[in-house]
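**Student:** For this one, chain A is given, so just place chain B on it according to the hints.
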Amino acid sequence: MLALASDASSLRAAQPLATGRSWPLTGAADGSAVWGECRGSAAAPYRTVVDLSGPAYRCSCPSRKFPCKHALALMLLWSDGAVGTDGDPPDWVASWITGRGGLGGKTSPQDRGVPGGRPPGPTPRAEQRAARVATGLTELDRWLCDQVRQGLAASQRSSYRHWDDIAARMVDAQAPGLAERLRALAAVRYSGAGWEDRLLEEYALLRLLATACRDQAALPPPLRDTVRSRVGFTVRQADVLASATPVRDHWQVLARRDLDQDRIQTRRVWLRGQRTGRPALVLSFAATGQSLDDSLIVGTETEADLAFYPAAVPLRALVAARYDTVPGGPPSGATIAGLLAGYAAALGQDPWLDTWPAVLAATPARDPVPGLYDQAGEAVPLHPGAGACWPLFALSGGHPLTVAGEWTPRGLWPLTAWDQDGAVVPL
Amino acid sequence: MSTWQDLVTASLIGTERAVVPPADTTGLLPAVDETGDPAAVLLDRAALLTAARRAGRRPGHAEPLPACEPDPRPMVSPAAVARLARILSREPSSLLIEWLSAVTARGLRLPPQFLPALLDRARRPREWLLPNLIAEAGGPRASWLAGLNPDWDFVLAATRTGDEAWRLGTAGQRRAYLTALRARDPSAARELIAGSWAAAGPQERGLFVNALADGLSLADEPLLEAALEDGTDWVGTMAAGVLATLPGSAFSRRMTGRAVRCVRIEHGARGTRLVITPPQVAGQTRLVLDVVARTLLRTWTDEFGLTAAQIVALPAGDWAPALFIGWSRAAVAQRDHDWMAALIHHVLTGRLSGRPAEIEALRELVRAADPALSAPDALPPLQPDAPPVIGSALNVLRFRYEMLKELDDDHSG
Numbered sequence: 003m004l005a006l007a008s009d010a011s012s013l014r015a016a017q018p019l020a021t022g023r024s025w026p027l028t029g030a031a032d033g034s035a036v037w038g039e040c041r042g043s044a045a046a047p048y049r050t051v052v053d054l055s056g057p058a059y060r061c062s063c064p065s066r067k068f069p070c071k072h073a074l075a076l077m078l079l080w081s082d083g084a085v086g087t088d089g090d091p092p093d094w095v096a097s098w099i100t101g102r103g104g105l106g107g108k109t110s111p112q113d114r115g116v117p118g119g120r121p122p123g124p125t126p127r128a129e130q131r132a133a134r135v136a137t138g139l140t141e142l143d144r145w146l147c148d149q150v151r152q153g154l155a156a157s158q159r160s161s162y163r164h165w166d167d168i169a170a171r172m173v174d175a176q177a178p179g180l181a182e183r184l185r186a187l188a189a190v191r192y193s194g195a196g197w198e199d200r201l202l203e204e205y206a207l208l209r210l211l212a213t214a215c216r217d218q219a220a221l222p223p224p225l226r227d228t229v230r231s232r233v234g235f236t237v238r239q240a241d242v243l244a245s246a247t248p249v250r251d252h253w254q255v256l257a258r259r260d261l262d263q264d265r266i267q268t269r270r271v272w273l274r275g276q277r278t279g280r281p282a283l284v285l286s287f288a289a290t291g292q293s294l295d296d297s298l299i300v301g302t303e304t305e306a307d308l309a310f311y312p313a314a315v316p317l318r319a320l321v322a323a324r325y326d327t328v329p330g331g332p333p334s335g336a337t338i339a340g341l342l343a344g345y346a347a348a349l350g351q352d353p354w355l356d357t358w359p360a361v362l363a364a365t366p367a368r369d370p371v372p373g374l375y376d377q378a379g380e381a382v383p384l385h386p387g388a389g390a391c392w393p394l395f396a397l398s399g400g401h402p403l404t405v406a407g408e409w410t411p412r413g414l415w416p417l418t419a420w421d422q423d424g425a426v427v428p429l
Numbered sequence: 023m024s025t026w027q028d029l030v031t032a033s034l035i036g037t038e039r040a041v042v043p044p045a046d047t048t049g050l051l052p053a054v055d056e057t058g059d060p061a062a063v064l065l066d067r068a069a070l071l072t073a074a075r076r077a078g079r080r081p082g083h084a085e086p087l088p089a090c091e092p093d094p095r096p097m098v099s100p101a102a103v104a105r106l107a108r109i110l111s112r113e114p115s116s117l118l119i120e121w122l123s124a125v126t127a128r129g130l131r132l133p134p135q136f137l138p139a140l141l142d143r144a145r146r147p148r149e150w151l152l153p154n155l156i157a158e159a160g161g162p163r164a165s166w167l168a169g170l171n172p173d174w175d176f177v178l179a180a181t182r183t184g185d186e187a188w189r190l191g192t193a194g195q196r197r198a199y200l201t202a203l204r205a206r207d208p209s210a211a212r213e214l215i216a217g218s219w220a221a222a223g224p225q226e227r228g229l230f231v232n233a234l235a236d237g238l239s240l241a242d243e244p245l246l247e248a249a250l251e252d253g254t255d256w257v258g259t260m261a262a263g264v265l266a267t268l269p270g271s272a273f274s275r276r277m278t279g280r281a282v283r284c285v286r287i288e289h290g291a292r293g294t295r296l297v298i299t300p301p302q303v304a305g306q307t308r309l310v311l312d313v314v315a316r317t318l319l320r321t322w323t324d325e326f327g328l329t330a331a332q333i334v335a336l337p338a339g340d341w342a343p344a345l346f347i348g349w350s351r352a353a354v355a356q357r358d359h360d361w362m363a364a365l366i367h368h369v370l371t372g373r374l375s376g377r378p379a380e381i382e383a384l385r386e387l388v389r390a391a392d393p394a395l396s397a398p399d400a401l402p403p404l405q406p407d408a409p410p411v412i413g414s415a416l417n418v419l420r421f422r423y424e425m426l427k428e429l430d431d432d433h434s435g
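So the sequences go chain by chain: A and B. The numbering of the first sequence is this note's numbering, which starts it at 3 and goes up by one. The numbering of the second sequence is this note's numbering, which starts it at 23 and goes up by one.
Looking at chain A on its own, in the form it has when it is part of the complex (with noise of 0.2 angstroms):
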């Protein structure tokens, strides 16, 4: 259910809201629809419907998100059995369900826009938030420069609040994708020999991504879609199915990384067509402890149509449509020379591009450092986060296997392993 979130910025909005002390009233029609008000910072309190045939969603906030964390939060509420079901819907309920044709009624995807629609072309929330974002890149600019100006050797001993306050401020400029990119620079001077190198590099292609969204208006129109995306523009799941054109193909399902962070879980799931060998990254969230989207299995293969999102190196898509799912068998995997290629390739299309799909045809090494090396003689370190990795050498004892996982500028996170039978595991 939670996989109908577009990102995990609304998932997470949407969770302390889902308390029953938010929502002075609730309830719902035998599993048709969820309805309830909640209590907002203005003065009236929200109504969200959510009819669950759809799904299909209308609340009176503000909000542009759709579905908006107010509809979120009564879903998560309903999952977990807080709101009962007893009592008529009210009459805001049921003039809404009666538009739509009754109760249980059938959904087509253009029902899921607000009801009326809303013109094409800039709204006014929309410049509102261009113009707060720009005073946020501004911002950011300058610190950037003075962290460089005053020395990063003093970074070794702030707090983390030195990185929290600056992301928080990029929160409150709507830029949510470079508070986060903010936060996780806390850890860096943590993380082993050459912080200093990683820390430079992270602020030198923050301040690139900052230059590149203030002038995004000179920008090839995929790079622009890619800065706004790693800057915290959402594109709406609605938009990406409408506007792009799927890609029908056998997709191999090669890996799977789960991460946790703030609450949320973010699933990713690496894919690659058989036919077209485009790779593809799909996501799903959930809250913690609940659970994650298990439909794409590690090792299947899957017939799908896939809409990716607009981008200058299309990775992210979701799953417009699927057929058939079979057992499949080991991808074929690459030379070390021809993944770094790849990337390398990537990257001339995305700077930013710091997690790209990795299968390779190699055999795991302990020296000089943890990694692969493959037919050539050629080798890659494993990612020093990756820990010993020690199932991978069990499942090789010396011999080449077929490895999927995610490419990183510090090395390989290996996540899958086909043994020489062409037995599929999961690491």
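Read the hints as simulated data drawn from the structure, not as lab findings. In this text, a Cβ means the ideal position worked out from N, Cα and C, and glycines have one as well. Worth double-checking, as some hints may not be accurate.
Said to hold, decoys possible - Computed footprint of chain B on chain A; a stretch qualifies when at least three of its residues, placed anywhere within it, have a C-beta under 8 angstroms from a C-beta of chain B: (1) 140–148; (2) 202–209; (3) 342–351.
**Tutor:** Here is chain B on its own, set in the frame of chain A:
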């Protein structure tokens, strides 16, 4: 790349004090603005170099590892692999030991990706049996891994016959060596223990007592009698437990004598029942329980001329729980499958009061009893009003039954 290092050095000192080093980015476009704020210029050059360094990364080299020799045994089935994952994450070691023993006995191979977790598990204190079992079940792949990680060197000790593992080895290696020696040559192991006892710490004395429990004979009695007086309580308790299972030992004769004075059978007008005469000291229940737990179960069948099932079914009034717990512990320690089956039957016919200690005893029973009891129709059905804890305890027996059946299928298929 010296240019990058120069930039890092300048950024660490800060452009207030350091000069921005000139860019030497051959083949790259210069940063757009070279005239503005030095800090901004430094960051722009760093951005350019970051992308260039990432994109231009060269492969490194690696030292190949020796290849592991092949293991000809067939791999366990995917269902068994899934079960192993569950056992490793949620179940006690007894179940793991049973699973590994069954895998080894059927000549099957372990999924290698689980070996690291298994080897780590075997390193835990008081895991007496796991190290050698994993060394054997893990085969050449486990030895290969042990060669890469010194934490797992006990695997090599288990397969080595020389005594340097004992003289020079780590605690894990010594444990593995002794267990393997006891299996091969019980009296040699006994002599080794006798010679090492005085210098050993409590953990190792515990290992000694445990090692003696396998291949136990009357020749081990003097060592175990001495261990009864051990300064560490749990070592003494372990020794008592082992001695109690040794027919003909002085300890078991003492226990038998106390037991038959304590528990008698009475054929009265209202039927046959058990009458308990507790020793005249404080903590009577505890004492009755301990005496029964440490008495050879054969004592009762011989003394009363009844089968285990008949004895367990005799009314014993308020003493029934103490007897049930005592017999359960004795049956588990003595690995007496008749008694274990009789006690589980007894539970199913609904005569358990449901006290926590009884449930605990039942949990021990279902982990040790013959899993064939879970075969269809081997046991009476669970009473519909039985407490849920009894049902979940019996699920353990079913789990073990299915686990072994699964491995049999692997073996025959």
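**Student:** So, for every hint listed, does it hold in this structure?
**Tutor:** Here is what the structure says about each hint:
no., hint, in the structure
1, 140–148, "holds (count 4)"
2, 202–209, "holds (count 6)"
3, 342–351, "holds (count 5)"
When each numbered hint is compared with the structure, no violation occurs for any of them.
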